[in-house]
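Engineer: Each chain, written out:
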Amino acid sequence: MKKKHGTKKIRLPLEKQQRLSGYIFCLPLIIGILCLFIPNVVRTVWFSLNDISVTADGYTLDWAGIEFYKEALLKDVNFNTYSISALKDMLIELPVILVFSLFIASILNQKFKGRSFVRSVFFLPIILSTGIVSTIMADTTVSGLMTTGITNDIMATNELSAFSMLLKSLNLGEGLMDIIISAANSVTNIINSSGMQILIFITAFQEIPDSLYEAASVEGCSKWELFWKITIPMVSPQIAINAIYTVADSFVDNKVFTYSHDLAFSGNQYSLATSMNVLYLLALGLVMGIIAWLMVKLVKASR
Amino acid sequence: MKETIKRKSSKFLLSFFRAILLIGLCYLILSPFIDDAIMGFMSPGDLLDVRVQNIPLNFSTYYWKHAWNALDIGGAGLNTFITSFVSALLQVICCTLVGYGLGRSPFKAGKILTAALAVIMLVPYSVYSVSQYLLFKDFLFFGNLINTSYPLYILSFFGMGLKEAFYIYLMKEFFKSLPSELEQAAYVDGASIFKTFILVMVPNVRNIMLTIFMLSFCWQWTDVSFTSTFYNNQNTLATKITSAAMETSTVASTQDVLGTAIARHTAIIIAIIPLLLMYAFCQKSLVRSIARSGLAN
Chain A
-10 MKKKHGTKKI RLPLEKQQRL SGYIFCLPLI IGILCLFIPN VVRTVWFSLN
40 DISVTADGYT LDWAGIEFYK EALLKDVNFN TYSISALKDM LIELPVILVF
90 SLFIASILNQ KFKGRSFVRS VFFLPIILST GIVSTIMADT TVSGLMTTGI
140 TNDIMATNEL SAFSMLLKSL NLGEGLMDII ISAANSVTNI INSSGMQILI
190 FITAFQEIPD SLYEAASVEG CSKWELFWKI TIPMVSPQIA INAIYTVADS
240 FVDNKVFTYS HDLAFSGNQY SLATSMNVLY LLALGLVMGI IAWLMVKLVK
290 ASR
Chain B
26 MKETIKRKSS KFLLSFFRAI LLIGLCYLIL SPFIDDAIMG FMSPGDLLDV
76 RVQNIPLNFS TYYWKHAWNA LDIGGAGLNT FITSFVSALL QVICCTLVGY
126 GLGRSPFKAG KILTAALAVI MLVPYSVYSV SQYLLFKDFL FFGNLINTSY
176 PLYILSFFGM GLKEAFYIYL MKEFFKSLPS ELEQAAYVDG ASIFKTFILV
226 MVPNVRNIML TIFMLSFCWQ WTDVSFTSTF YNNQNTLATK ITSAAMETST
276 VASTQDVLGT AIARHTAIII AIIPLLLMYA FCQKSLVRSI ARSGLAN
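Chains as they are written, first to last, in my numbering: chain A, -10 to 292; chain B, 26 to 322.
Derived DSBU-like pairs: lysine-lysine, alpha-carbon spacing no greater than 35 Å straight-line:
1. Lys212/A x Lys309/B
2. Lys100/A x Lys31/B
3. Lys5/A x Lys133/B
4. Lys64/A x Lys162/B
5. Lys100/A x Lys212/A
6. Lys212/A x Lys36/B
7. Lys133/B x Lys220/B
8. Lys162/B x Lys244/A
Honestly, the hints are just simulated from the structure, not real lab data.
Bear in mind that the values here come from a model prediction, so they are computed numbers and not experimental data.
Go ahead and model the full structure; you've got the sequences and the hints to work with.
Structural biologist: Following this line, the structure appears as structure tokens:
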């Protein structure tokens, strides 16, 4: 080792140095978690256990125990209905978005003319279907009033119901049909909320070495088998991250959160609102946990 | 002979259906924006005309002008630009550092931190926004930071920005996919870890850095709920679009309800022009950052 300016430079072994540098590189995140995230979450839970009253110079807390949780679960008219329907919507939307983006990603991964253009259009919602843009775009004042004749609306609903009747006549079972119908009714919504997922899946596809596919086709695997035996297992980490992303993204127009936000900022019922949020998150965590546990079991059983 | 015809025709059918599907979906994505841009050219009289549906009868730039004035480009626009730019820059710095740490260093807390990222993503911001607000109302020894951009910058640098946990995850995955020979060679040459990071690793993740910059810039640009906790004075483009300034008149007649709605849609088109330019500019790096397989394998 060279001596610089006559002082002896002590160097740790590389592996130790790397381990230490890991902590140093992650310092912003570690500080963020310890000083911003955890205190905020703890304080939020603390708020939900107290009665907050906002005063001129801050706020005061009165210990309330689980009173607000009781109120949310037993007294509030909307909370239970909203959370159940929000959870149900999410459970339908999640697999639909995952399957759709996997499907589109595998199409966009093929070679065809104009691929880069189509790709850039499909990635456009990643930046455009966010925040205020999606709020305004979802607003139907213009389209509702412009089609002055009510006839248009009736026609539109008729078309939809004809489509649903056709699907229902296929007799595939009530539950599955509900999923398909609601998915078909919200195609635009699904495309707009799956741009990122498509991007991640395409990236994942390109990570899979071609040699795997070649070896498997030599062994006589069909394309279908290649998809299930190679592609799906290879992108399973990305399926997990996409599931997390989809759930996090769906919070934006979540009924429970909009309701509690209204309660907090229009009705000044901070404690009730926070206890609702905490309850909903617990329920969500429970559902997600069960799904993850089932998936792990399923994967293990299939091996 | 028969076999090749069969194969060719099935190939043709496949690409035919693929084309129809893709064209249809592209239309669904683009049409709302095109419709809005066209509708912005309506004159106020067109709104009450039953014959007019989407395409204006009398062209006028009334709504474009109105939206442009109400957006307050010089004030709110500039403010939005500065906030988005700085916070995107800070987010990129944070993501690159943390992504490198998580992706390349074999340290014990790495797994815990990765799990923490998932938790941060899954706990929606709105849950703890009240607590966040109170935190910045009296922040350490800096005092009241509400109505300044500093809370946003602080959050961005410490990985708690809008969707930032997700960017960190993207960065981490990208670093993981780089070959380990890159660093080894530098270490053998006697470069320190930090020198290796700056000189060898950062140039290799340029594309994904640009992609993350674009994403966080655009998301910050259109965001309402995250920013509105710190900004009460409504000085961003996103809040201007829903503000009362966008109303064409204080009287709530059918014409003005419609007119206001059209003005808002037109304002959206104006507000996303910088994003589209940025997207066009970053398009290459976006595609390159996903088509990196050559390097990884």
